[in-house]
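2 protein chains.
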Amino acid sequence: MAKAKPQPPKGTRDRLPEELRKRHYVVEVIREVFQRYGFEPLETPAIERLETLSGKYGEEGDQLMFKVLRRGQPLVDGVRRAAQHLAEPGAVLEGRSGETAPGAEPLLADLGLRYDLTVPLARVIAAHQGKLPTVFKRYQIQPVWRADTPGRGRFREFYQCDVDVVGSTSEVVEAEVCAAASECLDRLGFREFALRINHRALLRALIETARIAPERETDALVAIDKLDKVGRDGVVQELRSRGIDADSAARLITLLGEDPSLSRIHEQLRDHAGGAQAVAQIEAVQQLCAGTIAEKYMRFDATLARGLGYYTGCIFEVTVPDLAGSLGGGGRYDGLIGMFSGKDVPACGFSLGLERILVVMDEQNMYPETLGRPDVAVAPIKENDLPAAFRLAQRLRGEGLKVDLRPKAFKPGKLRQYAEQQAISSVVWLEVGATDKASLWRQGEDATERDVPLELVADYLRSKR
Amino acid sequence: MAKAKPQPPKGTRDRLPEELRKRHYVVEVIREVFQRYGFEPLETPAIERLETLSGKYGEEGDQLMFKVLRRGQPLVDGVRRAAQHLAEPGAVLEGRSGETAPGAEPLLADLGLRYDLTVPLARVIAAHQGKLPTVFKRYQIQPVWRADTPGRGRFREFYQCDVDVVGSTSEVVEAEVCAAASECLDRLGFREFALRINHRALLRALIETARIAPERETDALVAIDKLDKVGRDGVVQELRSRGIDADSAARLITLLGEDPSLSRIHEQLRDHAGGAQAVAQIEAVQQLCAGTIAEKYMRFDATLARGLGYYTGCIFEVTVPDLAGSLGGGGRYDGLIGMFSGKDVPACGFSLGLERILVVMDEQNMYPETLGRPDVAVAPIKENDLPAAFRLAQRLRGEGLKVDLRPKAFKPGKLRQYAEQQAISSVVWLEVGATDKASLWRQGEDATERDVPLELVADYLRSKR
Numbered sequence: 184m185a186k187a188k189p190q191p192p193k194g195t196r197d198r199l200p201e202e203l204r205k206r207h208y209v210v211e212v213i214r215e216v217f218q219r220y221g222f223e224p225l226e227t228p229a230i231e232r233l234e235t236l237s238g239k240y241g242e243e244g245d246q247l248m249f250k251v252l253r254r255g256q257p258l259v260d261g262v263r264r265a266a267q268h269l270a271e272p273g274a275v276l277e278g279r280s281g282e283t284a285p286g287a288e289p290l291l292a293d294l295g296l297r298y299d300l301t302v303p304l305a306r307v308i309a310a311h312q313g314k315l316p317t318v319f320k321r322y323q324i325q326p327v328w329r330a331d332t333p334g335r336g337r338f339r340e341f342y343q344c345d346v347d348v349v350g351s352t353s354e355v356v357e358a359e360v361c362a363a364a365s366e367c368l369d370r371l372g373f374r375e376f377a378l379r380i381n382h383r384a385l386l387r388a389l390i391e392t393a394r395i396a397p398e399r400e401t402d403a404l405v406a407i408d409k410l411d412k413v414g415r416d417g418v419v420q421e422l423r424s425r426g427i428d429a430d431s432a433a434r435l436i437t438l439l440g441e442d443p444s445l446s447r448i449h450e451q452l453r454d455h456a457g458g459a460q461a462v463a464q465i466e467a468v469q470q471l472c473a474g475t476i477a478e479k480y481m482r483f484d485a486t487l488a489r490g491l492g493y494y495t496g497c498i499f500e501v502t503v504p505d506l507a508g509s510l511g512g513g514g515r516y517d518g519l520i521g522m523f524s525g526k527d528v529p530a531c532g533f534s535l536g537l538e539r540i541l542v543v544m545d546e547q548n549m550y551p552e553t554l555g556r557p558d559v560a561v562a563p564i565k566e567n568d569l570p571a572a573f574r575l576a577q578r579l580r581g582e583g584l585k586v587d588l589r590p591k592a593f594k595p596g597k598l599r600q601y602a603e604q605q606a607i608s609s610v611v612w613l614e615v616g617a618t619d620k621a622s623l624w625r626q627g628e629d630a631t632e633r634d635v636p637l638e639l640v641a642d643y644l645r646s647k648r
Numbered sequence: 184m185a186k187a188k189p190q191p192p193k194g195t196r197d198r199l200p201e202e203l204r205k206r207h208y209v210v211e212v213i214r215e216v217f218q219r220y221g222f223e224p225l226e227t228p229a230i231e232r233l234e235t236l237s238g239k240y241g242e243e244g245d246q247l248m249f250k251v252l253r254r255g256q257p258l259v260d261g262v263r264r265a266a267q268h269l270a271e272p273g274a275v276l277e278g279r280s281g282e283t284a285p286g287a288e289p290l291l292a293d294l295g296l297r298y299d300l301t302v303p304l305a306r307v308i309a310a311h312q313g314k315l316p317t318v319f320k321r322y323q324i325q326p327v328w329r330a331d332t333p334g335r336g337r338f339r340e341f342y343q344c345d346v347d348v349v350g351s352t353s354e355v356v357e358a359e360v361c362a363a364a365s366e367c368l369d370r371l372g373f374r375e376f377a378l379r380i381n382h383r384a385l386l387r388a389l390i391e392t393a394r395i396a397p398e399r400e401t402d403a404l405v406a407i408d409k410l411d412k413v414g415r416d417g418v419v420q421e422l423r424s425r426g427i428d429a430d431s432a433a434r435l436i437t438l439l440g441e442d443p444s445l446s447r448i449h450e451q452l453r454d455h456a457g458g459a460q461a462v463a464q465i466e467a468v469q470q471l472c473a474g475t476i477a478e479k480y481m482r483f484d485a486t487l488a489r490g491l492g493y494y495t496g497c498i499f500e501v502t503v504p505d506l507a508g509s510l511g512g513g514g515r516y517d518g519l520i521g522m523f524s525g526k527d528v529p530a531c532g533f534s535l536g537l538e539r540i541l542v543v544m545d546e547q548n549m550y551p552e553t554l555g556r557p558d559v560a561v562a563p564i565k566e567n568d569l570p571a572a573f574r575l576a577q578r579l580r581g582e583g584l585k586v587d588l589r590p591k592a593f594k595p596g597k598l599r600q601y602a603e604q605q606a607i608s609s610v611v612w613l614e615v616g617a618t619d620k621a622s623l624w625r626q627g628e629d630a631t632e633r634d635v636p637l638e639l640v641a642d643y644l645r646s647k648r
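Protein sequence lines correspond, in order, to chains A and B. Per my numbering: the first sequence = residues 184 to 648. Per my numbering: the second sequence = residues 184 to 648.
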């Protein structure tokens, strides 16, 4: 057959055993914590109807969505109509595919690859009404696809790891997702992270109290978000450059003060009903989290803005020193889940950034040593003894050991070398016949091999685990 | 926002918690066995270059492949050229997209969704040469996508569950994948299955010895495969209807005999070098499997044909009573893995039919009772006591219990009802204040609730696990 280029598509990766063992470990820790918090597993198809996805992620999202070609006659018809589209002056093929101005793409494609886990959750809530509990607590760990420009740590296929509570407005929900997320990270060995908490209504109250025009809210949020990096003067400059007048900018920076603690903000917003309520909700979450693992990591941060229009209540973000960006975040988004059911459905969630967590854990070598690797590699010295090696491997497997039988003859030195490369701690080679001996070598001990009677190999290895 | 149809795409399903817990259980059992056999995990991207996939699955496969729309200018150019294609007489859009006669689809699509796990494995072997051990033992459990007509138990998105050894011609490999597959099924509770074994060269030898023309081999295989169902006369009839002459048909059925045991076939093929070698290889696998869990289930079946040209050596298939089709199968395929590297790479594997395994286990109720469900549901009687309920939930979680805190007030009867629906065995409701009491109720016991001091709830529940 012809040779073809064997690389995976741009922006995607093969996950080889070494990486995958780490990934499985992290996912299992997270899954275990989520289950202990009473979250239920959910999985949705990788492909969704294009109409389910279109218009949900803004224009950029529609552009970055992978779309799946129609099949059969619909495709033939689609090509004809798409070509007409192109021939018309002003027709755009790669344009908006939303409801008001459909481009030609919907003519050619009827499905899209999952872009996140939130829109599918909203669809599930609508599709399975009556079958799900009125308060539905789910976790979902699945890949999503975005045709983004690939870069360092940015992929076109990556996992999201979401936990959400749908159907409750109680602050207990905020506390629960914060405690669960904190516990995941703590169990994985993170000790230095901050779980920043803020509230969208508090940000809005600050902006209103500073008398910044509502249409400048996003600009103001972007500027506030930079306080940590650019300082107070920098924020004022940013506000000014975004068309906010000097008085409003000055008022906003005064409201925030030198160190915007919750009590200071509370004082400033005492007369703003929405602001006061937001403060009360943050306090409620903080009080609930007292005594949980989240207490140690949670801190109020009046400058946390967390993206654009999506959130309606408390917002969270996890940061670690020396890493730009976050390890995850979330918040309350009461307007989104009802998009398919047409009902008002409150919701609050937390998304852990699995890929980033893996990057940091890799850099800081935070994985346990064994990590699901085989306990022992087994091979015969002579090809003829392969059946005997297989029988030994089966016996060891019967004892619960993970055994990597190499199906060919090995010189002891070569087998040791292989085991070292694969980080397998023990090696057994055997020679049947006159001597009938199994020889055993373990990494990290003195390089002397020891002969062990066949029937004692399992006991010996178990004692060393 | 506008209401859209909330169903997932045709042929796909949302996996709700109840189903997913079963699925996770089965996958974990399989994964554990595979790891004990020294197989390493591998995952590949859901999307592959179209050129990687095209022409690998025959014309039907190319038709059933989901293809991903090109993006940006390449798509615009593609539509123009595809429209020209359509305008030309005889141009086919939905046609072969292989190398010799490209249709218009490659103009519109550059990626395809993974169609199986074998072509990606072959690509990985070529892409990561030098980074993988010379004998690579991997398992891979991931979904694949096929635009097949959906039907009962046939989906457009379904999981494959493959284990393969690449780089060895030893029969130990056949024994190892058969033992691993048998152990997976045995651990899942299957006791009645048969692991049928045959050999492609043995089938070829039978066909040659019966003097059936080589170009009729596929026809002969299809007919032989039906012996179980249609009997000896039926097979002769099938052979005749497929253009095989009466003498050859008679010779073939005579070679098979009444009950084609391996020793009988051995006798018949004594003078056929390829046939005799095939018999020897089957015997070697049987001998290796003696003493393993596979011994109980393995039986030679001269009529097992297992699909078309793919396999080159031993072939296997697992069947259970009362289920049409198989629970899995595999074999040696020495010509396939080298397709991207241009080298000869021997390989042998076993694919477990995860979806079918789940169907049978569902029908026969083969799952353990608890299956990762929450240990206990907790709720307050009064909304005000939610914080106290949260604190109790956190305490129980700290003790390792899986706790489903309901974030709203529940009447005890309603909470019991919820727990019954969700198959949660225990329920705790609490009322703080004057009484400060937690009340506990367990399914299956007498319906009397008992009051338990808050600090003893964890102990009580643990004692009941």
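One thing to keep in mind: the hints can contain errors.
[Said to hold, decoys possible] Straight-line alpha carbon distances no greater than 27 Å define the calculated DSSO-like cross-link-like pairs of lysine-lysine that follow:
id : chain 1 : residue 1 : chain 2 : residue 2
1  : A       : 591       : B       : 565
2  : B       : 585       : A       : 314
3  : B       : 565       : A       : 314
4  : B       : 314       : A       : 205
No wet-lab data here; the hints were simulated from the structure.
To see whether the hints hold, each was checked on the structure:
Only pairs whose Cα atoms come within 27 Å are accepted, and residue 591 of chain A paired with residue 565 of chain B is rejected, the gap being roughly 69 Å. Proximity of residue 585 of chain B to residue 314 of chain A is assessed by CA-CA distance (about 22 Å); at most 27 Å being required, the pair is judged to hold. Distance restraint check for residue 565 of chain B and residue 314 of chain A: the Cα-Cα separation of roughly 26 Å lies within the 27 Å cut-off, and the hinted pair is therefore satisfied. Straight-line distance between C-alpha atoms of residue 314 of chain B and residue 205 of chain A comes to about 18 Å, which keeps the hinted pair within the 27 Å bound.
Going through the hint list in order, the structure does not satisfy hint 1, though it satisfies all others.
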